[in-house]
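Asks: If you want the building blocks of each chain, they are given just below.
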Amino acid sequence: MSRDHQRNNAPQEQSRRDILRGAAALGGLALAPGVTLHLIGGEAAARPADEAVSDTHRWGMLIDAGKCGDGCQECVTACADENGWDPDGKLPTDAQWIRKIDLRDPKSGAERTLPMMCQHCASPPCVDVCPTGASFKRADGIVLVDKHTCIGCRYCVMACPYNARSFVHEPLTDQKAHAPRGKGTVESCTMCVHRVDAGKQPACVERCNDAAGGAMLFGDLNDPTSEISKRIATYATARVRADLGLDTGVYYRNI
Amino acid sequence: MAPSSVFAIILAALVLSASMAPQHWSARAAEPSTGVPVPKPPKGRGNECVAETDYIRRYHMQLLDHQRDDTVHEGIRTKQFSLKQCIDCHAVQGPDNKPVAYDDPSHFCRSCHDYAAVAIDCFECHDSKPQKSAAAREAFRGSMLALEGYLKARGP
Amino acid sequence: MAMARITYREIDGGTTYWSLLLGLSALVLIGLGSAWYMEHHGHIVTGMSNRIVWGIPHVFAIFLILAASGALNVASIASVFEGAAYKPLARLSGLMAIALLIGGLAVLVLDLGRPERLIVAMTTYNFKSIFAWNIFLYTGFLVVVMAYLFVQMEPTMTRHIKAVGWFALVWRLVLTSGTGSIFGWLVARQAYDAAIMAPLFIAMSFAYGLAVFILVLMAACKINRRPLGGALVNRLGKLLGVFAGAVLYMTAMMHLTNLYAAEHGGVERFILADGGVYTAAFWLGHIVVGCLAPMALMLSPNLRTSRLLVAVASGLVIVGAIAHLYVIIIGGQAFPLLMFPGQEVSSSFFDGVVAPYSPSLPEFGLALGGVALALAITLGGMRVLRFMPQSLADDDASPAANQSPA
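Chains as they are written, first to last, in numbering that gives the first Met the number 0: chain A, 0 to 254; chain B, 0 to 155; chain C, 0 to 405.
Be aware that one or more of the hints could be misleading.
Restricting the straight-line Cα-Cα distance to at most 25 Å, the calculated cross-link-like pairs of lysine to any residue (SDA-like) are [as the list claims (entries may be wrong)]:
(1) 199/A x 89/B
(2) 199/A x 67/B
(3) 199/A x 72/B
(4) 78/B x 180/A
(5) 199/A x 77/B
(6) 128/B x 180/A
(7) 199/A x 80/B
(8) 78/B x 145/A
(9) 175/A x 89/B
(10) 136/A x 184/C
No wet-lab data here; the hints were simulated from the structure. Since we're looking at a predicted model, the values are computed, not measured.
Chain A with its partners taken away, still in its complex shape (with noise of 0.2 Å):
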C-alpha cells in the first residue's frame, strides 16, 4: 500500500459509512457487527464504543456436555486462532486457555468430556489474591487480567480452583493487535472480551454451533429472558466446584 493511497483514505472512509447506511435500509442486510447477532439471538447488541460496561449484564455460558463430542478440538482452535496461542503446545510451560477435559466414571464407565476454561466467578479466588490488582472482574462479570499491571507473581494461578491461568514463559512475537500477549504476565480465557465489546460472541461458542455439536451458548444471565437464563431456569445444570460457592458464570449440563 503506497503512502499516497494511504492519505486519500479519509474521504474514501466517508463514502463508505454512507453506502453502509443506505445497504442497511435497503434489505436489512447486515454488516456491521452487532447488527449480525441481533438478527440470530438478540443477546449481545454492541455498546457504543465510548460507554463504559455496566452491571447491567453479565456474560456467561451454558456448556452442554451430552453434545460436547469425544475428541472434538473446536472450540480450542478457535481460541486458539482467535487470541493467537498455539494449540498444539502441549508443554506445562505453554499457555492453554481453554482445553478439553475427558472425565471417566471409575464405577459405571460412564465417560464424558467438556472444554474448561476461566470460569468467570462472581467472586473470583484470582482477583482476591492478586497484590496489584491486576486480576479484576469487569463490571459485565468477566474476569480479566490487566497486563500492564501484573508483576507476574503468580499467586492467580495458586489460587484459581480451574487451573484456567497460564504463565507466558518466553519472549511472543506476532501477536494478534486485538489480543496482545507477552513475557513474564499472566493470561487466560478473557470470554473474548474484545467481540463481547462489538457486539460478537466469543470465538470457541461460535466455532461450536458453527462446525460442531452447539454444545456451547452464550449470554446475559442477568436478563431472565434471554436464551440462556431461560435454559438455566428449565434445565438442571450444574457448576464446578458449586462448593466453594464461587457463583461461576460458566454453567455446565451433564456432567
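Start from chain A and add chains B and C according to the hints.
Replies: Just chains B and C, lined up with the frame of chain A:
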C-alpha cells in the same frame, strides 16, 4: 559508633539491594529529555494527529495510559487515542515497502525514544505494525465502491 | 548492672573476613546472573510451569523470610521475656532478622515475571490480597527492627527497649501469620486451605530462625576468636530442640486433621504414602532429619550436649526446613486440583496427574544468591557496627542471667 550511622548503613544496604537490578529493567534508564530538541520523526498519515501536535508530543504517554485503563477496565473502545490507531497512522515503510516493526530503529515510536533513551515495553505484547485488517479494509472499500456504483446506477 | 558491662565491638577485617565477604559476593553475583538469565529468556529456562508456578526460589525465599522473623526471637526473649542470658545476643538477632528478610525478598522480587514493574507493586494495592498486606508487613518489619536496634544501641534510649521489643514481637507474629496465610487462604487447593498454616509457620520460623542464628553466631565467634560460653550454646540448643518439637506437633495436627476429612484424603495419601520424592522429603527430610534427630540430640538427657552437637542439630533443622518447604510448596502444587471428585480426569493440561517438576540450575543460583546476600549483609553489618559482644564466655555473659535486667 553513633546510632545515626546505624541507619546510614542499613539504608545503604537497602539502596544497594534495590540498585542491583540490571539497568535495562528500569523503564527510565536515563533522564527523560522532553525539553531538548528531538530528531524529526516521520510524519503520520493525513494532515494532523489525533491531538494538537505539541500536545501529543508532550502528553502522548498520559493519553495512552488513560486510554489503556479505559479500554481494559471499562470496555471503552473509542478510536481516538487507541494504540492501534497510532500504529495504523504512523506506519513507516521499510526498504521492502512493508511497514517496519518496533525492532527496526526507524519505527515511528522509536524515532524520539532512542534519542531520549526512553524504553517502552508496549510492543512486547502489542502489534507494532498496522493491523492486517488495514489491508482487508482496502479490499472492503474496493467492493463497497463497486456496490456504490451499482446503487447509483439504479437511481435513488 | 550486668547489661552495662557487656562491651560490643565491630568484628575485625582480617583475611578470613575479606575472603568470606568475597566468596559471598561471588554467590550474590551468581544469583543476579541467574535472575538476569531468567528474566531475559523467560521462565522457560526454569523447571517451573503452569502447574508448578512457584519453585526452588520460593522454597528458599520463604525459608529466609521465616528465618528472619525467627532470628528475632533471641532479642524478644531478652527484652520482652527478660531472658537475661540472651541479652548480649539481642543486637545480632536484630541484624540477622533484617539481613535474612532482605535476602528472601530479593529472591521473591527477582523471580517475578516482570521484576521491572516492582514499582507497580509498591504503588497499587489490592487490600483483599494477603500478598499486598505482606508488602507492608515486610517493609514495616525492617523499620520496626531498625528502631529496635536503635533503642538497643543508643545509650539514652535503652529505657524504651521493652516497649519497642513488644511491638517488634507482635509485628513478627503477624508477619509470619501473613506468610502462612499465603498458603492457608488458598481455598482451591487441597494441600493448603487450612487455618493451621499460620501457627505452623510460626513454629517453623522459631526453629529455622534459631538454627540459622546459632550457626552464624558460632561462625562469627570462631572467625573473630571471641569466646563463646558452653552454657550459652547449650541453652540455645535446648531451645532449638523444643522448637523442633513444636514444628513436629503442628505438622502432626495438620495432617491428622486432614486425614479426618475425606475430602483431603487424596492429598494426604500423596504426601504421606505414595508421592515419591515428596513422601521421601516429608518423612526422611522433614520428620526424621528436621525434627526427630535434632530433638533427640538436644533434648535427650543421656546425651551430653556439646558445641559440635548443637551445630549439627542446627544444620539438621535447616536441611529439614528445606525439605519441609519443598513438600509444602512444590508438593502442594504438584498434586492435581480436585475439580470433579470421584472421576478420573485427563486433559492436555496435566489435569488429574501429578505435575512434573525438575528444578533448573538458575533457580538454585537465584536461591543461593539470596542466602549469600543475607549472610553478606550480616557479615558486613558486624564489621561496621557494634553488633557482636566482645566476649560471650559464660563468665562474662552469664552473670546477667541471675540479675534483673536494666
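Asks: With reference to the structure, classify each hint as holding or not holding.
Replies: So, going through the hints one by one against the coordinates:
no.: 1; hint: 199/A x 89/B; verdict: violated, 29 Å
no.: 2; hint: 199/A x 67/B; verdict: holds, 21 Å
no.: 3; hint: 199/A x 72/B; verdict: holds, 19 Å
no.: 4; hint: 78/B x 180/A; verdict: holds, 21 Å
no.: 5; hint: 199/A x 77/B; verdict: holds, 17 Å
no.: 6; hint: 128/B x 180/A; verdict: holds, 15 Å
no.: 7; hint: 199/A x 80/B; verdict: holds, 23 Å
no.: 8; hint: 78/B x 145/A; verdict: holds, 19 Å
no.: 9; hint: 175/A x 89/B; verdict: holds, 18 Å
no.: 10; hint: 136/A x 184/C; verdict: holds, 20 Å
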